[in-house]
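Just so you know, the protein sequences line up as chains S and W, in that order.
First residue of the first sequence: 93, per the working numbering; consecutive thereafter.
First residue of the second sequence: 93, per the working numbering; consecutive thereafter.
Hints were generated in silico from the structure; no laboratory data involved.
Any given hint might turn out to be false.
Copies of one chain are not kept apart here, so a pair can be met inside one copy or by any two copies together.
[As the list claims (entries may be wrong)] In silico lysine-lysine, DSBU-like type, Cα no more than 30 Å apart, as pairs:
1. Lys324 x Lys480
2. Lys324 x Lys475
3. Lys475 x Lys360
4. Lys344 x Lys324
Protein chains: 2
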Amino acid sequence: MPLQPSRTVAELRELRELTGDENGAQRVAWTDTWAKAREWLRAKVADTGAAESVDAAGNQWFTLGGGSDRAVLIGGHIDSVPNGGWLDGCLNVMAGVEVLRRIAADGAPPVTVRLVNWADEEGARFGRSLFGSSAAAGSMTDQAELRGRRDADGTALPDALAGQGVDLDRALDARSELDGAAAYLELHIEQGPVLESMQLPLGVVLGTFGVERHQVTYRGQAAHAGSTPMDKRRDALAGAAKLELEIREIAKRTGEGAVCTMGGVVTKPGIVTSVVETAECLLDQRHLDAARLASMLASAREASERFAAEEEIAVEWERIWNIEPILFDERLVELADESIREVAGPSHRLPSGPLHDAAEVARAGVPTVMVFVQSLRGLSHTKLEDTKEEHLELSVQALDRLAAKTIDLVAAQ
Amino acid sequence: MPLQPSRTVAELRELRELTGDENGAQRVAWTDTWAKAREWLRAKVADTGAAESVDAAGNQWFTLGGGSDRAVLIGGHIDSVPNGGWLDGCLNVMAGVEVLRRIAADGAPPVTVRLVNWADEEGARFGRSLFGSSAAAGSMTDQAELRGRRDADGTALPDALAGQGVDLDRALDARSELDGAAAYLELHIEQGPVLESMQLPLGVVLGTFGVERHQVTYRGQAAHAGSTPMDKRRDALAGAAKLELEIREIAKRTGEGAVCTMGGVVTKPGIVTSVVETAECLLDQRHLDAARLASMLASAREASERFAAEEEIAVEWERIWNIEPILFDERLVELADESIREVAGPSHRLPSGPLHDAAEVARAGVPTVMVFVQSLRGLSHTKLEDTKEEHLELSVQALDRLAAKTIDLVAAQ
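Can you build the whole structure from these sequences, using the hints too?
Below, the structure written as structure tokens:
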């Protein structure tokens, strides 16, 4: 049975009908709609002969035994954010199903092939993303903290998980699933504008950005907007404004692939008759190279202090979150590049700004690569998320080629 | 009986005890505490022989008949904001009482002298400042709108006024109070840092600033902070940052007495993972010269549009409020300058950023001047508001000199 990429598009539409509404996809992890989607997926995979199992973290595995226990993994997530798009996460899963069908139809593969539907990639309900993949990767270290989390309705995380047969305390037992994993492949929509602006359907992902996230707070002095001369002011907003403009220069100087964002400023007292006393800025910096990320952070900090001195205000940095860059496997990047060139002509290598389950698997030492397919207008996490049908079909073909090449590579090792 | 400036300070402390608490002054207009303060004031003035009357807008007048119906007015306001300071408004009133005592003790003056305690200068309860003075000046044009206003407890403005014997529909009858007014004098704390920074106790006010107040809204495009390259962004915050820095240059270029303030920015969505889509900026510009104010506004608007074009974002201006500059009387400014030099050595001429009842009286065509006394740290509308006792005493002396000179001037006209 040859690959039928159009079937993937049809099945994605079927899933949308089954688990979405007029506001978009509603497959939030640990809900009944999510469980319904997993049930539907089980039925779709059944005819491939792949054996289903659910691990201790709730990840859903479909295993096609082969000539060796060494395994090539294809992974995605069927969960969505509330009012989500029709492709984020489930494209990977459904393309994987089609690839599994093709492989199964070709007879027993030389190595084991497994499709995994990770549990709760989005973290939409409890604010903890990459749940299932971080458990399998062994990098989940926050179980004690997770025990206390509740959703908006007050349901505790452990209770929601238990409702779907998952025991939070045992989630790390999922680590054994990566035993024997020789490669991990993931296809995802780009969720950004790069491929569309280059008029390319597909690209190879080099890795996921390292992220440095801080709250930068400037403190000046509230003063009457009418009675305080300009040279007597200590305006916290001036520090924030200079920093907002400077982080863009820092990103430009660092070169392609560097991004710095001031996502918000909160001004206090924030009234028209007063100079701003406090400006709380949210700063997000990302780069694929750890040294350059560290340098961008140092530059921003140095600049922020220079601006504080110029304005006679104080500045204070508080780290909100950070993560190291995670680089994908060079050999698999080459294979993905080849696969894309074969099905779509030109390819392009780009970093991923958003995190993905692939980053967790890569952190666990499994050679990993991702393929991105173009997103229209870069939109995601909204029902407006979309990708041209012809590009979706090309992406299924590229994943299939990549899987074939990777199976050959692993079989030859 | 000679002038006793120390008595004014003692009486201000007495008023603070009577109508304040641990959070500051509580003489909010149209409340029982305010009525109690007016009652206390009536008793203080009684021994001068000045006749009390309350006009149709609730203004409390004390009239000392003289050799002519032409009147020199001294005005202030005993109402305060909630948790207010011990000087804002009532310094003027109590200094006026002391001056009235001195004049009465000297025998019948050559012209009529009137002390006025304006009703509801602060507008703290219903958000409408300069109530009584704008009624007397005939510039109150918003009675229909005021009829619908309610305080935080839901009490309607007309009901609160009626509780103090004032009929909103008749408030403009107070206009007749300015018949025969030949000069208006007002002493006030500076509520700003200029005199303190110059180490001067007293200054002459040239007029009140014209004000242009706008909301300037930049609209760009929300985009993922990780997946959107720097050159693909349309960042609304960049427009706001450039404008914040540019308005300071505009004020500097305009020269002394120009102030421009961005009092707040609201960023949407305002999250760390997104480029800012909308930045709503509060812009306040003030100048004593109408043409320069208009020029500052035009410069800010032109710059804002240039920044929008540079950033490929949209900008929109909405006027919140504006008022023309109001210049005080040149002859009275000279007399105030002389009076200050006589009691305190050097003087200084400065504009007033905040509005005052004096501005309403000046708009009505009555020759007007104000004297400012130094504010410590520029603080006002807080219990921390303060002025050195020696400076308070000098201010009472200066007002007395100014009243004497003004009476002579009017008598000679």
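Next item on the list: Report the numbers of all earlier hints that the structure fails to satisfy, in ascending order.
Entry: Violated hints: none at all, because every hint is consistent with the structure.
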